[in-house]
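Engineer: Model the full assembly from the supplied sequences, consistent with the hints where possible.
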Amino acid sequence: MWDYTDKVKDHFLNPRNVGEVENPDGVGEVGSLACGDALRLTFKLDEQGRIQDIKFKTFGCASAIASSSALTELAKGKTLEEAEKISNQDLAEFLGGLPEEKMHCSVMGKEALEAAIANYRGEAVVKEDFEIVCKCFGVTDREIERVARENRLTTIEEVTDYTKAGGGCQACHPKIAHILEGLWGKQPPEPAEQRVAAGKKLSNLQKIRLIQETLEREILPPIRSDGGDLELIDIDGDKVLVALRGTCSFCPQSSFTLKHFVEAKLREFVSPDLEVEEVKP
Amino acid sequence: MKTIYLDNNATTRTAPEVLEAMLPFFADLYGNPSSMHFFGGQVARHLKTAREQVAALIGAHPSEIVFTSCGTESDNAAIMGTLYSYPEKKHLVISRVEHPAVLNVAHHLQARGYRITELKVDGQGQLDLEELRHVLTEDTALVSIMTANNETGVIFPIDEIAAIVRERGIPFHTDAVQAVGKIPMDMGRSPIDMLSLSGHKLHAPKGIGALYIRKGTRFAPFVVGGHQEAGRRGGTENVPYIIGLGHAAEFCLAHLEEENTRVRALRDRLETALLERIPNTIVNGDRQHRLPNTTNLSFEYIEGESILMLLSDEGVCASSGSACTSGSLQPSHVLRAMGVPFTAAHGSIRFSLSIYNTEEDVDVVIDVLPPIIQRLRDISPFWQDYVDGKPMDAFLTGGDVAHHVHG
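Heads up: the sequence lines are chains R and G, in that order.
Under my numbering, the residue at position 164 of the first sequence is numbered 164, and the numbers go up by one with no gaps.
Under my numbering, the residue at position 82 of the second sequence is numbered 82, and the numbers go up by one with no gaps.
In short, the hints are calculated from the structure, not lab data.
Please note: incorrect hints may appear among the correct ones.
Derived list of chain G stretches under chain R, where covered just means 3 residues or more per stretch with a C-beta under 8 Å from a C-beta of chain R [as the list claims (entries may be wrong)]: (1) 168-182; (2) 329-341.
Okay, the calculated beta carbon distance ranges per label pair [unchecked claim]: (3) R:Gly49 / G:Arg96: 53 to 61 Å; (4) R:Asp3 / G:Leu29: 36 to 44 Å; (5) R:Arg152 / G:Ser85: 46 to 54 Å; (6) G:Asn260 / R:Lys44: 39 to 47 Å; (7) G:Pro341 / R:Met1: 24 to 32 Å; (8) G:Gln110 / R:Trp184: 28 to 36 Å.
Just so it is clear, CB atoms sit at the ideal spot from N, CA and C, and this is done for glycine as well.
Structural biologist: Below, the structure written as structure tokens:
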């Protein structure tokens with residue numbers, strides 16, 4: 001069974017804004033019955049050009065219906081310029097997250113909104129100008145490239161989770177790989193945790209999680225292979241309190257290890273402001 | 001909320017009397033049946049009884065039963081054990097609707113140079129036996145075709161198929177995991193060479209299975225180790241579970257008639273009532289040749305996972321062949337092989353009953369399902385269009401329909 005958040009369940013069991021707006025200003029239709037999910041979005045603007053009424057009809061699984069419901073909630077009251085900025089990540093975040101394999105549901109919501117806005121502006125949604133890469137699910141190269149860039153997708157599997165492309169006969173896998181290569185070059189983008197470290201400020205939760213991950217992955221294996229061990233005691237602001245165990249606890253070089261190895265690694269992978277302190281028993 | 005369990009093709013309740021029979025073998029009777037002392041020897045006697053009980057369920061001789069860890073192992077052992085025995089032959093015949101335990105073994109072998117023929121099925125899920133006759137060659141090492149389909153319950157004329165294969169001197173294996181315990185099977189009258197069965201589909205616990213190997217069939221062990229199971233499957237016998245499988249076999253034999261009368265009537269009542277109450281409902285599979293406990297229904301214009309979630313909310317457990325439930329993006333390979341229309345392939349629900357189900361269980365489903373279907377159809381963009389008689393545009397079909405349905 002899928003591990004859906006309570007918010008996903010709520011928006012599936014009690015979907016908001018189901019139906020079709022009468023005499024809509026914009027209509028967006030994406031997906032198809034054959035593909036397993038489809039969404040028709042209709043909206044109406046008020047005098048100030050804000051989305052006054054927006055409704056959806058969706059054929060699909062629980063997360064597709066919940067994503068559609070979330071989309072209408074997020075878009076309501078916004079101008080089209082504001083609504084255009086809603087990303088598939090915003091939809092997923094609003095729902096408290098979606099299983100990776102279901103991220104394409106959030107992408108479908110975003111695309112329906114785009115299609116409806118384009119419809120309002122009288123722009124035709126042209127798929128013909130672009131190559132259809134995945135013939136099983138009718139996904140274009142442009143779409144794959146855009147979703148991959150926005151969500152920093154680096155593997156074919158992730159592209160399938162987010163766009164469905166490559167999830168059928170798999171004949172297009174080389175083409176998807178080519179698109180990813182064109183986007184990122186031979187080097188995949190830095191993993192998420194390193195990006196966070198370089199840029200935004202971390203929340204406490206993120207920091208604790210990152211410190212734990214970095215300890216497990218980068219720091220503990222070499223220490224343990226020398227017969228030592230290290231325990232994370234507490235995190236106080238930028239202070240990381242650790243206790244040394246095993247052979248480390250009586251090693252004269254342990255303070256050197258703490259500064260030049262443990263602290264250096266944590267600064268590299270979590271935050272340059274961190275300081276490591278030893279807690280004595 | 002009462003749990004209404006209608007997913008018995010996925011797994012069954014361990015019968016309380018089966019569990020009861022197993023318990024002493026976890027506690028006091030822990031000896032190794034291979035040991036040369038009284039303590040292990042007494043366990044060996046119980047093992048012998050269990051082997052007789054399993055043999056009796058399928059009309060086999062006890063020496064033809066090999067205990068395994070599950071149905072999947074039985075299937076793997078049958079296929080690989082035969083290929084090891086005929087190393088010069090490189091062709092394998094299966095059907096398109098096999099369980100992954102056979103299908104993916106075949107695909108695995110294909111990547112290693114074997115030639116695989118997957119027999120197609122018609123809209124009813126039935127095979128063309130002429131096609132089978134046509135594809136057999138001197139190079140064919142094994143034909144493996146299931147007895148009954150796990151998703152639709154469709155039963156193949158397995159004795160007839162086995163006879164065609166035997167006539168050509170080719171070994172024949174059947175994955176009978178869904179059939180054993182639900183319909184009579186008699187190896188004494190059948191030309192089947194090997195048959196897989198699984199404990200947890202017939203009221204034994206998970207983690208035990210068996211492979212029937214007809215006397216005189218060439219077979220090399222798949223799990224290589226000690227002398228257990230007459231050298232056909234290494235590893236110390238999983239005594240408590242084997243005892244459980246033996247008792248479950250006896251339990252199923254005793255309830256076989258009930259399964260084919262009362263349970264069948266329950267299934268039929270459920271199916272008929274749902275077909276009456278819910279428009280645009282399709283039965284998937286050959287209704288004339290079907291397991292007594294299974295019905296697979298497609299509700300057009302809606303998606304299966306949503307139906308399951310709403311049923312689950314009412315305490316009803318079933319399963320679906322929709323893409324979303326599997327984590328894959330395409331609906332069930334069985335429904336696609338049958339060419340189920342694209343309007344229906346994603347909205348399939350399988351109800352599979354057991355002797356533990358009651359009239360009340362069925363009444364609940366008949367009561368709660370029609371409003372669930374209507375609720376989802378009210379959310380679906382296609383239903384109102386269909387009701388209004390609007391033409392199916394590209395939005396509906398996604399263009400290349402034939403590809404989606406038969407791909």
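Engineer: What are the numbers of the hints that this structure violates, sorted from low to high?
Structural biologist: Hints 1 and 6 contradicted; others consistent.
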